[in-house]
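Produce the entire structure from the sequences given, and follow the hints as far as they go.
Number of protein chains: 2
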Amino acid sequence: MFKLNSNIISKQLLVSSSRMYSSITARALVYDTYGEPKDVINVHKYEVHAPQGNEIVLQTLAAPINPSDINQVQGVYPSRPELTTELGTEKPSAVGGNEGLFKIVAVGDQVSNFQIGDWCIPKGVNYGTWRTHLLSTQDKFQKLDNSALTKTQAATIAVNPCTAYQMLTMYADLKKGDWFIQNGGNSQVGQYAIQIGKALGLQSISIVRDRPDIDELKQQLYDLGATKVITEKENAAREFGKTVKEWTGGKPIRLGLNCVGGENLTNMARKLGQDAVLLTYGGMSMKPVTLPTTLFIFKNLTAKGFWITENGKGDPILKEKTVEAVLDLYSKGLLKEVPVNQFKLDLESLTDEKYLETFHSALQSHGKSLIVYE
Amino acid sequence: MFKLNSNIISKQLLVSSSRMYSSITARALVYDTYGEPKDVINVHKYEVHAPQGNEIVLQTLAAPINPSDINQVQGVYPSRPELTTELGTEKPSAVGGNEGLFKIVAVGDQVSNFQIGDWCIPKGVNYGTWRTHLLSTQDKFQKLDNSALTKTQAATIAVNPCTAYQMLTMYADLKKGDWFIQNGGNSQVGQYAIQIGKALGLQSISIVRDRPDIDELKQQLYDLGATKVITEKENAAREFGKTVKEWTGGKPIRLGLNCVGGENLTNMARKLGQDAVLLTYGGMSMKPVTLPTTLFIFKNLTAKGFWITENGKGDPILKEKTVEAVLDLYSKGLLKEVPVNQFKLDLESLTDEKYLETFHSALQSHGKSLIVYE
Numbered sequence: 001m002f003k004l005n006s007n008i009i010s011k012q013l014l015v016s017s018s019r020m021y022s023s024i025t026a027r028a029l030v031y032d033t034y035g036e037p038k039d040v041i042n043v044h045k046y047e048v049h050a051p052q053g054n055e056i057v058l059q060t061l062a063a064p065i066n067p068s069d070i071n072q073v074q075g076v077y078p079s080r081p082e083l084t085t086e087l088g089t090e091k092p093s094a095v096g097g098n099e100g101l102f103k104i105v106a107v108g109d110q111v112s113n114f115q116i117g118d119w120c121i122p123k124g125v126n127y128g129t130w131r132t133h134l135l136s137t138q139d140k141f142q143k144l145d146n147s148a149l150t151k152t153q154a155a156t157i158a159v160n161p162c163t164a165y166q167m168l169t170m171y172a173d174l175k176k177g178d179w180f181i182q183n184g185g186n187s188q189v190g191q192y193a194i195q196i197g198k199a200l201g202l203q204s205i206s207i208v209r210d211r212p213d214i215d216e217l218k219q220q221l222y223d224l225g226a227t228k229v230i231t232e233k234e235n236a237a238r239e240f241g242k243t244v245k246e247w248t249g250g251k252p253i254r255l256g257l258n259c260v261g262g263e264n265l266t267n268m269a270r271k272l273g274q275d276a277v278l279l280t281y282g283g284m285s286m287k288p289v290t291l292p293t294t295l296f297i298f299k300n301l302t303a304k305g306f307w308i309t310e311n312g313k314g315d316p317i318l319k320e321k322t323v324e325a326v327l328d329l330y331s332k333g334l335l336k337e338v339p340v341n342q343f344k345l346d347l348e349s350l351t352d353e354k355y356l357e358t359f360h361s362a363l364q365s366h367g368k369s370l371i372v373y374e
Numbered sequence: 375m376f377k378l379n380s381n382i383i384s385k386q387l388l389v390s391s392s393r394m395y396s397s398i399t400a401r402a403l404v405y406d407t408y409g410e411p412k413d414v415i416n417v418h419k420y421e422v423h424a425p426q427g428n429e430i431v432l433q434t435l436a437a438p439i440n441p442s443d444i445n446q447v448q449g450v451y452p453s454r455p456e457l458t459t460e461l462g463t464e465k466p467s468a469v470g471g472n473e474g475l476f477k478i479v480a481v482g483d484q485v486s487n488f489q490i491g492d493w494c495i496p497k498g499v500n501y502g503t504w505r506t507h508l509l510s511t512q513d514k515f516q517k518l519d520n521s522a523l524t525k526t527q528a529a530t531i532a533v534n535p536c537t538a539y540q541m542l543t544m545y546a547d548l549k550k551g552d553w554f555i556q557n558g559g560n561s562q563v564g565q566y567a568i569q570i571g572k573a574l575g576l577q578s579i580s581i582v583r584d585r586p587d588i589d590e591l592k593q594q595l596y597d598l599g600a601t602k603v604i605t606e607k608e609n610a611a612r613e614f615g616k617t618v619k620e621w622t623g624g625k626p627i628r629l630g631l632n633c634v635g636g637e638n639l640t641n642m643a644r645k646l647g648q649d650a651v652l653l654t655y656g657g658m659s660m661k662p663v664t665l666p667t668t669l670f671i672f673k674n675l676t677a678k679g680f681w682i683t684e685n686g687k688g689d690p691i692l693k694e695k696t697v698e699a700v701l702d703l704y705s706k707g708l709l710k711e712v713p714v715n716q717f718k719l720d721l722e723s724l725t726d727e728k729y730l731e732t733f734h735s736a737l738q739s740h741g742k743s744l745i746v747y748e
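As they're listed, the protein sequences go chains A and B.
For reference, each letter of the first sequence is one residue, going 1 to 374 in our numbering.
For reference, each letter of the second sequence is one residue, going 375 to 748 in our numbering.
One or more of the hints may lead you astray.
Pairwise CB distance ranges, derived in the manner of DEER restraints [to be verified]:
#1 364/A <-> 612/B: 30 to 38 Å
#2 34/A <-> 612/B: 46 to 54 Å
#3 612/B <-> 215/A: 42 to 50 Å
#4 708/B <-> 74/A: 45 to 53 Å
Straight-line distance between alpha carbons at most 25 Å, and here's what the computed PhoX-like set of lysine-lysine pairs gives [unchecked claim]:
#5 287/A <-> 497/B
#6 299/A <-> 497/B
#7 233/A <-> 661/B
#8 299/A <-> 661/B
#9 304/A <-> 497/B
#10 678/B <-> 175/A
#11 625/B <-> 304/A
#12 625/B <-> 313/A
Source of the hints: derived by calculation from the structure; they are not laboratory data.
Glycine is no exception: its CB is placed at the ideal position from the N, C-alpha and C atoms.
So, in structure tokens, the structure goes:
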């Protein structure tokens, strides 16, 4: 038994238990071998059948391409989906992508959490979000209230804003007025950390790379709510520690967020105070985490890694709660979405060639890409 | 009121409240300015008066020279005693040394914890243990049962064995049969960690520096209970990770102890498994702690510092309990003292020149030095 959404794209009609269901011809971006996405990703076409019982049929509204998605296709990411023939591929394959926004287009007769038209995101990881439609079960998705959210906000909520939120709230027990320091201040996570930090009453020092339009970039981050923005070069100067102490009034900085590594990080870590926590969630410089021995022994530094994927696996409720907390900030106007490059696809006129072409353009774009399905 | 020990070295006799007390002429190794111990340490002579109420008079039996004691005199150690004129020095001064074994030679009339002849060690830090005698109060010292202990075991119990014990038991929740890995395997702490680890049912991999008599050194550590001893060079080889996995049967190594830093550490950290804790308690190579970003993010590594001094300050009961646990291992024959270089002083014939001369010899000796007062 199922309820029918008249708007879905119907190619065939088939008779299910008691009603007519328009079976959907779906497309997915799949890979059966690890490598560069531009080389190994192909389009696979498959039918999404009528939902039974707790099953739901979802249409993708938007799905980003995250760096970790690329690493997954390259086979260098420790968390990855199994390659299977579940979708009817010739060789065992997986669908790319981990994050995305979906709309419910049909529900089985035992579905109580969702109605047709609801927005939702996957609760878990490795769902393969780079596709047009998906058959799943209601327990695997979290409903989002779509009254106050943009598609971009909803489609990109699970990774970057949740990373920033969990890093700021789960490790250093920061109170209002406390400071944190981060590098990669203009990265996606960096910009969310600035905003969420401000919403939580925290003060921030954000380190960014030197560049010709540095004043413009600094202003952009100040507009988001940054307390202080400094360049790598400023941060590297010995005497800069004194300036930082003047800013904080000598209050120890007890949280550092690192997505860069190398010297940038070492110089940042020197600004940390007694009993600080340093979270590493990326390594954009491709250089390791190098920290003075004395920071560990005499300042009781704790250095840890942060990986939203793993936090989600270990505690699915935590992820849902984090999403809700970020939604709350969006709804209160305390958080703006960080711009992404949008690549629009028209589902009605979609072809395999068009899908792949759009994907390739999105791959090549500088910054975070979002494929929007219309 | 006080009880008198007839064996103490009496220089003067003076009348106290109700009985005769032989005031003691004590000597201490003091400094009034920070610098190299051979340059700044001088002998100061002072009187130790009759103990009142809860006071106790202690005679030093043995006190080691630890690297951290040297750093303290150099002024480069974050924990250090205040410079005062308490002992009657012309300029504000401090007595060197933090660890030592003492014998009670006189007690005030309200002293209930100690009897004359008891052995004890300081509960806290910065007591200034490089001296012949000391006036203190009973609450500041922990009694040791001297029936089954050597002077060396007792005088060196508080720093190295307690460091090894706390690192092995407080951070990684290791169970019998679990593995840990350490560098500086033949350091004082390293040798205690091998023995205490074995006594706790743990298996160990100890990394030592390559040297001409490497087989002899390895055998010495195997005799102490080491499971595996490897050289820095062996540890650096890429294929060695496989050997380690064979040894552990694939069981993840969840604790690493680092007192070296640099490449040695980086190669050691690569052997750590999922969710491991890496404790840094020294930096003998003078190189920083350098760790791959992926270890933090994908293996959930936690890197922390370990400083017995700070653990002792934050929780004095913890230190007493650790000493008791180590004493228990000594009494059961599960722990041997790691050899130290002994420098004996005869209290009866002691002169300022002789005291300073012995101290200078002890400073120059290779390995850990213990000054023994007889």
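Against the structure, the hints:
1. 364/A <-> 612/B: 30 to 38 Å: holds (35 Å)
2. 34/A <-> 612/B: 46 to 54 Å: At 22 Å between Cβs, range violated.
3. 612/B <-> 215/A: 42 to 50 Å: holds (47 Å)
4. 708/B <-> 74/A: 45 to 53 Å: Holds - the Cβ-Cβ distance for residue 708/B and residue 74/A, about 51 Å, lies within 45 to 53 Å.
5. 287/A <-> 497/B: violated (44 Å)
6. 299/A <-> 497/B: Distance of about 22 Å is within 25 Å: holds.
7. 233/A <-> 661/B: Given pair residue 233/A, residue 661/B holds - Cα atoms ~23 Å apart, limit 25 Å.
8. 299/A <-> 661/B: holds (17 Å)
9. 304/A <-> 497/B: violated (32 Å)
10. 678/B <-> 175/A: holds (23 Å)
11. 625/B <-> 304/A: holds (22 Å)
12. 625/B <-> 313/A: holds (22 Å)
In summary, the numbered hints that this structure violates are 2, 5 and 9.
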